[in-house]
Amino acid sequence: MRVGVLSLQGGVIEHINHLNKLNVEAIEVKKIDDLKKIDGIILPGGESTTIGKLLRDANLLTPLKALIQSGLPTWGTCAGMILLAKEIENDTRRHLEVMDIKVKRNAFGSQIDSFKKIDIVPEVSNNPIELVFIRAPYISEAGKDVRIIHKVENKIVAAKQKNILVTSFHPELTDDLNFHNYFIKMVN
Amino acid sequence: MERYELNKDLAKMLKGGVIMDVTCAKEAEIAEKAGACAVMALERVPADIRKQGGVARMSDPKLIKEIKSAVSIPVMAKVRIGHFVEAQILEALDIDFIDESEVLTPADEKYHINKWNFKVPFVCGARNLGEALRRIGEGASMIRTKGEAGTGNVVEAVRHLRQMNEDIKMVQSASEESLMTISKELNAPYELIKYVWKNGKLPVVNFAAGGIATPADAALMMQLGAEGVFVGSGIFKSQNPEKRAKAIVMATTYYNEPKILAEISEDLGDAMFGLEIKNLESNFAERGW
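Protein chains in written order, with the UniProt record's numbering: chain A, 1 to 188; chain B, 1 to 289.
Keep in mind that the hints were calculated from the coordinates and are not lab data.
Every clue listed holds true.
Derived lysine-lysine pairs resembling DSS-like cross-links, with alpha carbons at most 30 angstroms apart:
#1 A:Lys21 to B:Lys194
#2 B:Lys65 to B:Lys26
#3 B:Lys259 to A:Lys31
#4 B:Lys243 to B:Lys62
#5 A:Lys30 to B:Lys259
Short derived list, chain B residues pointing at chain A, Cβ under 8 angstroms:
#6 Lys12
#7 Asp96
#8 Lys119
#9 Pro121
#10 Tyr254
A quick note: this is a predicted structure, and the numbers were derived from the prediction, not measured.
Just so it is clear, CB atoms sit at the ideal spot from N, CA and C, and this is done for glycine as well.
With the rest of the complex left out, here is chain B (with noise of 0.2 angstroms):
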């Protein structure tokens, strides 16, 4: 229990932070450079992997070893659904943060990753109350919406949020006795729906993820009470990423600053290419229960 309240406590280091997505020790620079709290190594940022299609799995040893060593900050990857011979090889490369994503292509479609089985942190995304204690429950650290990722379309992580928000007043407000029948009714640990019940909030850290490409999206889920947020294909997808992830840093710290935000929001160039989530082949946020 020791390691997992570690885990827990570094996650709320991150807090007030943005998680960037890169592909290379280059990308990794830049990112810390414009003040990203850690960066999440892959090989194809969502928007690729959607685009070029195919098996997506954990990134190449050797790619994350060098993010690892041209930073200072967190470094995150991710492993496939279910897929625990991924993560055991991560947490042989000393990772600080392993996100078992939805973005991968699932290894498995019964089990999600018995995390009590590792000694590094998880975060896991989610879509409501239920999935995130669940998650919990399997051991995850931190919890992020999952968004649609690669879609540049920032709607469906403020769906999520707004769910897991309005499932937690519903938790609050319920009465003691209810508890069990809500444990029921959402598939969630009947100890993680009481300790909603009591603190008005999730046991773990909250990002916000999937979908998010200008610095008004990264201030519209802080202000909907998101504890950071993930950009992944909206940074290295813009026409001038270094500047855009020096902007989307501000305004999650400024979230609540209109004046500031406008200022930062000026002249960054082309967002990525955005996609309507009507028109998608596959929806990743469906991935894993």
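In isolation and in its complexed conformation, chain A is listed as follows (with noise of 0.2 angstroms):
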């Protein structure tokens, strides 16, 4: 199995280490080419705006767009979450639209209103996991498949449509492994 790691800009290595730490082989993602050679992928966090436009400009966003619509497991975590939602709330900009959410960029505020929260997320662990939310969005509005995971003060802020899988927090930074692994349950 190899994961690929979108690596355009944001928190990528965060992300493969994490992999490499349950033995699984990951990639940067940084053209057309690489796309072939990966059975699942990461979108980072970073910033949405940016990556959303090195997408277009590397000419990734298509190819992309139409490997998760055919089935290829993808988690987007924070500025993922953004690039992969039909709807943003606050913003003109739209990226990948794979998903039924509607989400709200910068929800919680500025770096000031950065979070952290230690919760239960049954879906994907029976212990306490620390989220991590960095000027991070949520879901404002989800469509009928899609399963909510996870709600931080009554906003959703995990949540899966079949091969998607979105959270608002950052499972990377943090040295919990829970939800990789559970990622990983869905490649395979």
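Two independent chains are provided; combine them into the complex using the hints.
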């Protein structure tokens, strides 16, 4: 199994290190050819406007969208969630538009409002997991095929639709491997 | 400590990106559209500060607010070295990152800001490992090379990043019993020297800054190990800012692909006018310690 991490901008190496800890081969995805080598892809945190623009400029947007629509297991963290959403509440830009969710960018505020929370996410593990929110988005509306995995302050912060998983928070910034393990099971 | 971890984490999300100096809302929009991962709000770019002289201070809060409302990406702003009240003001404005910057005229010749007193993250300039670790010891969440801002000359940024890399290698290959002596020689906190010895890198993200003017400059800094770049005067002092901004963003992502670099370097118009370091009246990099 080989998992790609979209490597245009943002927190890439943190995801690669977590995958390696689970003995999964991970590669950076920067070019069209890289898409042919992977069984699943993680869209990392970073700036969605930057990554979205580079997806277009590098001609990756259309082929990646087609792959996700044809079932490639995909996980978007933070900015990755925004890239996957069909609707963005406070932005005119749209990117991959593959998941039936409406998201709000920087929904909790600016950096001073970034926070950590320890919660149990039963879908992923019975043990408490540290959830790190950095200028994070949340899901304000979800389509009927979207399964809600977790809420914080009554806002949807993790969800799944078929082959697509999204989280507002960053499991790659903690020592916990449960979410990566969960995603690897989706790839398998 | 939790706040500090969150602040270091925000810096990680900027990696592989370009942070652009902007002096108005319109420039901020151009920067965001070109793919900047953050903008630095200031009244004059370093090239103009250098040319016009006088005391350079924190920007007018009105300008910072206008820029904040014009873009959705993080907004940074500069304060003078040691000017903790300017920093308090920026924190009150909900700025995303403060740059305690040698580009502005220092307010304190002896002390930098005690950054632990703030919730908002700080980035600081450094010329070598000792300087970087002193700033981190004071609470900086991110480091950038000082380079020589406003010159369009990348040579100082290269010197500082190479020095940082060499210092890190030296610490890494040292024996454990020599770490206190190294700490003394570099004037750097022992615990942070120990971190570098164990991990072979800084405990925070490290960007390049000061003199980057072309896509090739950005790619050079990335190949030398920078985790992202700041571009100050290099964009809006060039002939075609929009096109150059886009090209520098591409170059920072595809820094290892000479064919792509060749394509995006084509027909960008004139770069900003560059200055020889030896002819400068003042070296900003020498401000701070």
